[in-house]
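Participant: Start from chain V and add chain H according to the hints.
Read off the chains here:
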Amino acid sequence: MKKTYYDKVHLWGRISSVTALFVMLSVPLFICLRYDAWPPIQGVIKGLAAVLPLYWATAVIEVVCYAPMLGAGGMYLSFVTGNISNLKLPCALSAMESSKVKPNTEEGEIITTIAVATSAIVTTIIIAAGVVLFTPILPCITEKDSVFAPAFQQVLPALFGAIGAGYFVKHWKISVLPIIIGIVILLAAPSTAVGLLIPFTVVVSLAGAHIMYKKGIL
Amino acid sequence: MNFKESPFMYLIAAGVISFVLAQSAFFLVKAWKQGKKIGIDTKVMRDTISSSSLFTIAPAIAIVATVLTLAYSLGFILPWIRLSVIGNITYEATAAEAALNAFDANLSQPIDNVKTFAAIAWVMTIGSVFPLIIMPIFLKRLQGKVGVAANKNAKWTDAMSAAAFIGLISAFIARSVAGAGKRDVVGDGAGVLSVITLAVSIASMMLLRWICVKFRLVRLEPFAMPAAMLSGMAAAMLFARILPESIAFLEWRG
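Residue numbers (the numbering used here), protein chains in the order written: chain V, 1 to 218; chain H, 1001 to 1254.
In short, the hints are calculated from the structure, not lab data.
Bear in mind that the values here come from a model prediction, so they are computed numbers and not experimental data.
Check the hints yourself; a few may be wrong.
Claimed, not checked - To spell it out: a stretch of chain H is covered by chain V in this simulated footprint if at least three of its residues, at any positions, have a beta carbon under 8 Å from a beta carbon of chain V; those stretches are:
#1 1033-1041
#2 1113-1125
#3 1170-1179
Beta carbons are placed, not taken as given, at the ideal position from N, Cα and C, and that holds for glycine.
If we strip away everything but chain V, and leave its shape as in the complex, we get:
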C-alpha cells in the first residue's frame, strides 16, 4: 500500500525525535566525559525531583492539547525545537488564520509545518547571532533600565492579544466562558502556572462550545 504524506511525516518525525533524544542526552554526557566530571547522583535526583513530576505531566498535557492544532509535522518540529506556547504555536495559528486553512486538513498540515519550520530556523539563527555577535550590546537592550525592557517583559500579552483578537471576534460566544474561568482561577490561586491553567481553560472552552452546539446557539 502506498504511503500517504501523513504516514511519511510520522516516519520522519519518529526518526528525528529519537535522533533528537540522543543528541540532547549527548550534551551532558559529553560534558561529563570531556571534563571527567561525574556529578553526585543524589544531587541530580534532588534537582530532578523538583521539576520532573510537573514537567513530565505538563509534557503529556501539551502533546494532547497541541496535537489538534499543530498538525503532525508541526508537532514533531515544535517539540524538538521548543518554545512552543510562546512562539511556535502562535506562529502556526497566525499562519493558518492568514492562509485561511483549517487544522486537521492537509492544507493546514502543510501551512503549520512551513510556519513552524521557518520559525525554528529564524529562532535558531537569531539566538546564535545574538549570542555570538550581540553579546556586548544585548545587556544594554535587556537590562532593567533599558527603554526596550518593558517591551520584552510584555511579549506574551502582545503575542496572545494579537492572536486572540481574530478568534474572539469570530467566536465571541465561545470565548467569554474560558476567559472568565481563567481569571476566576487566577483570582483564587494567583500563582497558577500557565501550563496548569491551560487544561482547565481548554476543557471549559470545549465543554461550553459543545453545549452551545447542542443547543443550536453556535
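Facilitator: Leaving out everything else, chain H in the frame of chain V:
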C-alpha cells in the same frame, strides 16, 4: 579553566544547532513540495514564510534575553543549547534554579564547579525530553482519532478546533489580566503594563484586519498579526515612559 565557554562547548553547540537547522529545513522542503503537489498557491506558502519570520523576531530576541539571564551563572553556551532544543523561557530558568538549589547554589551566582555544571545540564535535559519519548509512540494514534472525529461532523469540528485554540489563548489572556508573577521580576505579574499591552495588541489587530478587508489589502493580511504584536510591545515601551513609574509598573498580582 573556563569550562562553560570552552571551544569544546562551542563544538557541542554547533553540532546541536546544525541538527535543529537540518531537521527544520528537511520538514520545510518536504511540506513545500507537498503543498505544490496538492495545489496550494506558491504565494500563500511564500507569505507564510515571510510572516512567520517576521512574527518570530521579537519573541526570539526575548529568548536571547533569557540566554543572557542564565549566562551569568551558567555561561552562554549551555543556555544557548538548551533554548535552541526543546527548551522554553519559563522551563529552563526553573530547571536550572532547581538543579542549582540541590547544590546549595542559585542563578545569581556564577558556577565554578564543573560537576555542578554537569549536574545542571543533566537536570535541564532529562526534565525536558519526555515529549521526545511519548510522541513517536502515541502521536500518530492520537492524531488519527482527531482526524476520524473531524471527518464525522465538519461543523462541530470547526467549533471544536476554534474552542481548543480559544481555551489555550484564554489561559494567557487571563494571566495577563490576573496572574501573579515572581515578586523579584518586574513585569512578570499582571498589572497596568500587561493590560495596556494586551488591549493595544487586540485593538491593533482588529483595526489592521478591518483596514485589510475595507481596502482589500490582501497582501498585507499576513503581516497584520506581527504588526499588532509589535504595536502592543511599542505601547508597553511608550506607557512605561509617559506614565508615572508608580502607575506604569503597578502589578496588582505581585
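Participant: With reference to the structure, classify each hint as holding or not holding.
Facilitator: Here's how the hints hold up against the structure:
Counting residues of the region 1033-1041 of chain H whose CB falls under 8 Å from any CB of chain V gives 4; the rule of at least 3 is met. Requiring three or more residues with a Cβ within less than 8 Å of a Cβ of chain V, the coverage given for the region 1113-1125 of chain H holds, as 11 such residues are present. Counting residues of the region 1170-1179 of chain H whose C-beta sits closer than 8 Å to any C-beta of chain V gives 10, which meets the bar of three, so the coverage hint holds.
Taken one by one, the earlier hints all hold for this structure without exception.
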